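These are the residues of each chain, in order.
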Amino acid sequence: MTTPPLTQRPRRLFTTNHNTLAKNYLLLALIAVITGTLLSLLMRLHRTWPDLAFPIHGIIRPEDYLALVTMHGTLMVFFVLTVVPQSAFPNLVLAAQIGSDRMAFPRLNAAAFWITALSLLTLLAAFFVPEGAPISGWTSYPPLSALAAAGPGQATGMDLWLIAITLFCLAAVLSSINFLATIAVCRAQGLTWTRLPLTVWSWLVSSGLTVIAFSALFIAAALLLADRHFGTSFFLPAGMVINGIPQALGSKAWGTGSPMLWLHLFWFFGHPEVYITILPGMGLASSILANFTRRPVPAYRMMIIATLLIGVLGLGVWGHHMFVSGMNPYAGTAFGLTTIAISVPSSAEVLTWLVMLFRGRMQLTTPMLFTLGFLSFFIAGGLTGPILAQPALDAYLHNTFFIVAHFHLVMAMAGVFSIFAGIYYWYPLLTGRRMNELLGKIHFWISLVAAYGTFFPMHLSGLAGEPRHYAQLAGPVESFTRLIPVERGITWSAFLLAAAQLIFLFNLFWSARRGTPASPNPWRATTLEWSPLPHPTVTSRPYEYGPAAGQSGDFHPQWEPEKPF
Amino acid sequence: MNWLPTNGALHGVALDHLLAWNLAVIVGLCIAAHVLIVAAFLFRRARKSESPVASRTRANLRPHLLFEFVILIALTALYLGMDITGHKLWAAIREQPGSAQPIQVEVTGVQFQWYFRYPGPDAIYGATKPGLVSAPTGNPLGLDPADPHSADDIVSAILILPAGQPVNITLRSQDVIHGFFVPGMRLKQDAIPGMDGDLQFTPTTPGDYVILCSQVCGLGHSRMQAGLRVVPQAEFEKWLAAREQSILNTNAARGAQ
Ligand code: HEM
Ligand SMILES: [Cu+2]
Ligand SMILES: [Cu+2]
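Here the protein sequences line up with chains A and B, keeping their order.
The first sequence stops at residue 568 when you use this note's numbering, and every number in between is there.
The second sequence stops at residue 281 when you use this note's numbering, and every number in between is there.
These are computed hints drawn from the structure, not numbers from a lab.
Partial list, derived from the structure: chain A residues whose beta carbon lies under 10 Å from chain B: (1) 359; (2) 396; (3) 471; (4) 475.
Away from chain A, derived, C-beta distances all over 12 Å, residues of chain B: (5) 127; (6) 146; (7) 172; (8) 188; (9) 259.
Note that the structure is predicted; figures quoted are calculated from it, not measured.
Every residue, glycine too, gets a C-beta built ideally from N, C-alpha and C.
Please model the complete structure; the sequences and the hints are all you need to start from.
And the structure:
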């Protein structure tokens with residue numbers, strides 16, 4: 004390890020030390036994920052037992068449900084699935100994996116954390132303002148998100164949401180600029196592009212995507228704020244009537260915009276965002292599979308190419324979120340085709356992982372189990388992609404629970420399982436100890452079963468025509484009655500899923516004090532974050548696992564000079 | 025597939041069919057992948073140890089990579105096949121030639137209600153004005169009485185259509201984005217304020233279908249529902265004539281005042 008464990012170092016509040024920042028980011032994400040999960044449980048309770056009254060608040064009103072969905076989605080997408088893989092993990096290991104003890108722009112990096120923290124506080128404040136949190140969903144389509152009169156929560160609550168998102172975008176771009184520069188200039192001697200671990204390649208691509216995508220969202224959010232407060236109408240057409248009151252009849256120039264502009268800008272961000280959240284997990288999956296099958300990543304260069312292709316193609320598929328928006332049908336066909344194109348490199352990565360499972364000897368450590376879980380969710384959720392990429396079929400499934408199932412599997416559960424894999428794997432770097440393996444395995448098996456129990460049946464609700472964002476079950480009568488038991492099962496599973504996370508929380512804090520002390524390279528890994536030397540010279544490829552003639556042990560760490568055969 | 029609500033539209037037959045085989049294919053692929061994962065998991069100890077020299081060298085990788093490459097090509101072909109069949113159906117749905125004279129209906133989403141407007145005998149929708157919108161006085165769409173085309177327009181809270189006739193829908197919104205979703209007709213499109221959406225379909229089976237809103241539009245989103253009633257042609261004409269007559273009567277009464 005290049006740096007001593009954090010617990011041994013005095014913590015300064017405004018540190019620029021990236022390891023401390025990683026820990027701060029993890030704590031921030033922990034607050035977000037606990038809040039976000041509690042909100043989702045409230046939603047499930049309400050959907051299943053609509054008349055249930057809660058202490059203090061009473062019954063959940065329809066607008067409360069929408070506020071819950073909006074805040075849940077926003078917390079989870081931005082503050083959990085983006086923050087952990089794209090901020091916490093790179094702060095924890097990116098520099099170390101390229102043999103550096105510093106980042107290119109440490110102050111910029113630290114500033115990004117504080118802006119993120121401010122963003123989270125701003126977002127959470129929306130619960131406490133009059134009328135409460137916004138209700139327009141994490142995609143915040145105008146005019147609902149542009150006009151305070153359009154619904155409760157759309158006044159101050161919506162403003163806070165937009166300010167929080169603007170801040171978040173700023174932080175994401177700043178920290179990604181630091182990562183890009185760090186990868187470009189801080190690599191150890193001998194660490195050529197084809198000797199980089201695939202995690203580093205992933206962060207290179209996801210950081211590039213972050214700069215592009217979050218800039219688009221930054222602009223969109225700023226323009227929407229302008230529409231709300233400075234009399235512009237980027238997203239607003241003329242002729243709207245809310246509650247019988249015509250909007251802005253007075254000004255002639257007002258009302259020349261279109262909500263379609265927001266849809267394009269938002270999804271130009273939104274689709275790359277999906278890859279920003281999952282690419283680091285894909286890189287980590289390759290590393291962990293190599294580590295625990297004790298074999299190199301086959302087709303290492305192809306994996307790099309696939310990662311780059313996903314990054315590039317990912318910028319050209321946003322329209323698949325807009326098939327039914329009234330966009331030109333030919334555009335639908337085009338975006339369907341680009342989406343099919345991107346499923347090819349994604350499939351290539353999955354096939355490589357499957358091949359890896361059949362080589363060497365699999366060691367079922369907790370990080371390995373969670374990686375297998377990641378693989379399972381990525382496949383189960385990803386395969387519905389080529390269905391949803393067909394405008395004709397998506398026109399039935401769009402905005403139903405089928406979509407909720409799709410993204411909770413491929414993005415939420417795959418993402419969260421890869422986050423768990425990373426935490427169990429890198430925990431020794433954080434604390435100098437290992438997390439308890441038995442608790443880890445129990446955590447894994449319950450979570451796996453409960454996650455499928457929660458999100459798989461949502462496909463059925465979606466097929467039955469149940470729209471998302473519905474405070475109560477509705478839909479065509481015949482399919483609807485069949486859904487009631489399914490919906491109950493989902494809710495029970497969701498509670499089991501949430502309860503299983505208590506095992507993780509306990510393990511996380513308990514092991515920091517009581518865990519088995521970890522040796523310097525506890526997983527017998529090859530990549531540089533486990534290096535005992537501060538400035539290694541690299542002569543070998545990243546995943547040299549497996550026995551080789553003339554060598555003792557079954558791996559060759561990147562920090563050791565290559566022994567001649 | 026009996027999870028889907030009963031289909032009542034012409035294109036729905038092909039759509040359900042396409043969806044069914046697509047689902048079958050991906051469920052198959054998903055199971056195949058999981059069989060591999062579980063097999064690797066269960067038989068992890070049974071593997072014979074590879075020869076030490078070979079294991080880290082590239083030559084040993086070739087059979088694996090060949091396998092991977094072949095499967096990847098096959099998957100690409102499959103995805104393309106799905107894309108092409110999907111596109112054909114999409115083209116058939118969206119580029120329906122107006123062979124028969126389609127029935128014209130305008131659908132307007134308003135927080136939290138759907139309104140349906142038939143243009144009447146003149147086949148032209150009368151002008152609407154935001155300033156005239158007033159649901160309490162019976163003019164929810166803001167029809168402009170100064171426009172002669174609006175006099176014969178029928179505004180309804182339920183969508184009634186004849187079976188077997190192509191329908192052309194003009195989709196509008198008065199306030200925020202709504203999603204016009206008729207699960208039984210396998211039909212969905214967003215109503216975007218400031219834009220005129222355009223949708224074609226042919227209901228085939230008489231019956232009652234539910235119309236939902238599929239795009240979050242405010243606190244009443246989940247109760248923004250309406251009915252679609254598909255009736256035999258004769259019944260439809262009778263209904264239309266009756267509505268037309270009652271509008272003429274009201275107009276005449278207004279004129280007499
Ligand atoms: C305990 C685990 C979880 C449960 C039970 C859960 C449940 C739900 C429910 C019930 C909805 C609302 C569906 C609707 O009515 O439209 C929802 C929406 C959503 N969830 Fe989750 N969820 C969980 C975890 C996650 C995670 C980890 C993510 C991270 C990506 C996530 C992302 C989202 C998003 C983006 C939405 C859509 C929000 C919107 O439309 O504004 N969820 N979830
Ligand atoms: Cu997308
Ligand atoms: Cu709605």
